[in-house]
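Protein chains: 2
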Amino acid sequence: MRRGSLLRALTTLALAIACAAGAWAQAQAPLPSWNEGAAKSGIVAFVQAVTDPKGKNFVAPADRIAVFDNDGTLWAEQPLYFQFLFMLDQVKKAAPQHPEWQQNAAFNALAAQDKAALEKLGTKPLLELLGQANSGMTVAEYDKTIRDWLATARHPKFERPYTDLTYVPMRELLDYLRANGFKTFIVSGGSSEFMRPWAEKAYGIPPEQIVGSQQEVKFEMKDGKPVLTREAKFAFVDDGPGKPVGIYRHIGKRPILAFGNSDGDLQMLQVTTAGEGRRLALIVHHDDAQREFAYDRESHVGKLDKALDAAPANHWLVVSMQKDWKRIFGFQQ
Amino acid sequence: MRRGSLLRALTTLALAIACAAGAWAQAQAPLPSWNEGAAKSGIVAFVQAVTDPKGKNFVAPADRIAVFDNDGTLWAEQPLYFQFLFMLDQVKKAAPQHPEWQQNAAFNALAAQDKAALEKLGTKPLLELLGQANSGMTVAEYDKTIRDWLATARHPKFERPYTDLTYVPMRELLDYLRANGFKTFIVSGGSSEFMRPWAEKAYGIPPEQIVGSQQEVKFEMKDGKPVLTREAKFAFVDDGPGKPVGIYRHIGKRPILAFGNSDGDLQMLQVTTAGEGRRLALIVHHDDAQREFAYDRESHVGKLDKALDAAPANHWLVVSMQKDWKRIFGFQQ
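Going down the list, the protein sequences come from chains A and B.
All the letters of the first sequence, read from the start, carry residue numbers 0 to 332 under numbering that gives the first Met the number 0.
All the letters of the second sequence, read from the start, carry residue numbers 0 to 332 under numbering that gives the first Met the number 0.
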């Protein structure tokens, strides 16, 4: 029994010191890349409210679930979703193995960079082509393809690796939330496997906390080894009304904080703030053409229209990249 | 700068004390309900090997992923999977709202407890009936139905709540693994939503670490509120070859430890031990008719045949409930 008591005392002491150290770290500098304003003060007030054990808005750590869209929320998404650029590059790479594509209208329009022809064809034949170029291999082979591409591909405007295009203020926010006992998840329209190779290093979010769109994969034994092979078919699209479904399936709890940037996040924000108790929903507004891009209602990529209209009545915070963020990317001063 | 140094020193001290306390707790009594033998010593040797930072088999905490089947591995599954019993009870409950079921052969065979008629019909009409009785409501309503059932239903043999039928040695193993930096997941053929209401209390496994079969759910706005409604259709069956797919989609890392009890776990065990480095796969063998149930190759529920044959060549540990476990349930001495 004496051993047990000593053990408990040691554990309590360790926890107390860890908590004191954590509290101090937070007090030192919360969100240094955020300018003072309604967005920053709204975030800090929310976090203080839900972590105050004596307050009426206290939320137990197990229920401090925060969900983040990825494209346009945690990293850039212009001129095209980066995963889309990757998948297009896979079409180029796979072309020599697919002589039949010479008769494929979508392939020919792509090869000729004929935008008018692509628009006329519509998205279906293009998506089918992308599906063919991005399937048939094992998931391990595909993972390597993604890593190789990320190591060499460069963003057309910033001429840097795509993984340099994560937003510093958002990385600070993720750290700040985790320091306050939150569990942070990505809930993205992109596919989980495209984010997993780099999201842990970039955001501190491990593969098992990434909810994304899912391609069909098939289990097989090949030469006595179990492998998963990618099929040219989507199993689940984690976008728009799919996001609450993805959250339900993967997390099984209603988030208390959600952060998005487009109409594809509308339903995720609705589900989050429809819960009881204090909730926070935020929208990144891309209004900084100089440091990043400026777009919203008319954009083909990351269109923000309905969610922007819904924000005031729902008390969702709209974060201006231009006004609320001191820096955007790590390579900018 | 001095603040930062003090902070680091405090954090280091806290971690050191926490580690010392943890190490002591483990040294005191690892797996007290397990008899000495190959199973227990195999588990302890594996955990020591992958957690020894100086050893060649060391695995970083982020990759210490352990997956557990639920039915027959963490709790009992006879005379029928408990979720199946629950779903059958929902048919009874829903019958007054479904006068059309009076013309349904599966319903009539069930109501008459006519086993011969049920076998003749096959599983399809029965599963369709179960699907109808377990859909149409919101996920919140269904969650309440599950909780209510668990609070009142009793197991036919043990005459106790189903949640009393978790295995004490397995709960100890889950605790032991987590104390050694493992992240524990359930990967079950049952549905996530049936396990979530009780798995955290029973096993210390939170909803977001439960991988299971998935029914289709649909997002809708009803009276201005977002709701998810259950549809009478399965989106994903997390069993057999589905388990490696579920693991890939949800966890995104290859487990280093897997524990199952039936042929439905075969592929999960194969995927786990096909990875590089040290791996451990285990099978619960139900060979204790006195304290629980005895069944394997001929059982309709939890059939263990191919996986039992595959165990020796793959160095999977077969755990005998009779010989390896001092106790099975918490209510037995």
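Take the hints with a grain of salt, since some may be wrong.
When chains are identical, the list treats them as one kind, so a pair holds in a single copy or across two.
Taking lysine to aspartate or glutamate and the EDC-like style, the derived pairs with C-alpha atoms no more than 20 Å apart in a straight line are [as the list claims (entries may be wrong)]:
id: 1; residue 1: K200; residue 2: E275
id: 2; residue 1: K325; residue 2: E199
id: 3; residue 1: K224; residue 2: D262
id: 4; residue 1: K224; residue 2: E275
id: 5; residue 1: K143; residue 2: E275
id: 6; residue 1: K200; residue 2: D142
id: 7; residue 1: K182; residue 2: D62
id: 8; residue 1: K252; residue 2: E219
id: 9; residue 1: K325; residue 2: D62
id: 10; residue 1: K119; residue 2: E215
id: 11; residue 1: K232; residue 2: E215
id: 12; residue 1: K182; residue 2: E199
id: 13; residue 1: K217; residue 2: D262
id: 14; residue 1: K217; residue 2: D113
id: 15; residue 1: K325; residue 2: E171
id: 16; residue 1: K252; residue 2: E140
id: 17; residue 1: K39; residue 2: E297
FYI, nobody ran anything at the bench for these hints, they're computed from the structure.
TODO: Since the copies are identical, ignore which copy is meant and state whether K200 and D142 lie within 20 Å (CA to CA) inside a copy, between copies, both or neither.
DONE: Cα proximity of K200 and D142: one copy only (16 Å, versus 36 Å across).
TODO: Please work out whether the CA atoms of K200 and E275 approach to 20 Å or closer within one copy, between two copies, in both situations, or in neither?
DONE: This pair counts as neither: shortest intra-copy Cα distance 34 Å, inter-copy 23 Å.
TODO: Check K325 against E199 for me: Cα-Cα at most 20 Å, and say if that holds within a copy, between copies, both or neither.
DONE: neither (24 Å within a copy, 41 Å between copies)
- [ ] Can you give me the call for K39 and E297, within, between, both or neither, at a CA distance of at most 20 Å?
- [x] Answer is neither: 27 Å inside a copy and 63 Å across each miss the 20 Å cutoff.
Open item on the list: If the cut is 20 Å between Cα atoms, do K252 and E219 qualify within a copy, between copies, both or neither?
Closed with: between (33 Å within a copy, 18 Å between copies)
Task: Identical-chain pair category, K232 with E215, by Cα at 20 Å - done: Both: 6 Å inside a chain and 18 Å across chains, each within 20 Å.
Open item on the list: When Cα atoms must be at most 20 Å apart, do K252 and E140 count as within-copy, between-copy, both, or neither?
Closed with: So K252 and E140 pass the 20 Å test across copies only (14 Å; inside, 33 Å).
TODO: Measure nothing new, just compare the shortest in-copy and cross-copy C-alpha distances for K217 and D262 to 20 Å and report within, between, both or neither.
DONE: Answer is between; shortest inter-copy Cα gap is 18 Å, intra-copy 32 Å.
Open item on the list: At most 20 Å between CA atoms: does that hold for K224 and D262 within a copy, between copies, both, or neither?
Closed with: between (43 Å within a copy, 17 Å between copies)
Task: Same-copy or cross-copy closeness of K119 to E215 [CA-CA at most 20 Å] - done: neither (28 Å within a copy, 34 Å between copies)
TODO: Pop the pair K325 and E171 into one bin, within, between, both or neither, using alpha-carbon distances up to 20 Å.
DONE: For K325 and E171, the Cα distance is within 20 Å only inside one copy (12 Å; across copies 50 Å).
Open item on the list: Regarding K224 and E275, is the shortest C-alpha distance of 20 Å or less found within a copy, between copies, in both, or in neither?
Closed with: Between. Shortest inter-copy distance 12 Å satisfies the 20 Å Cα cut-off; intra-copy 49 Å does not.
In this structure, the hints that do not hold are numbers 1, 2, 9, 10, 14 and 17, in rising order.
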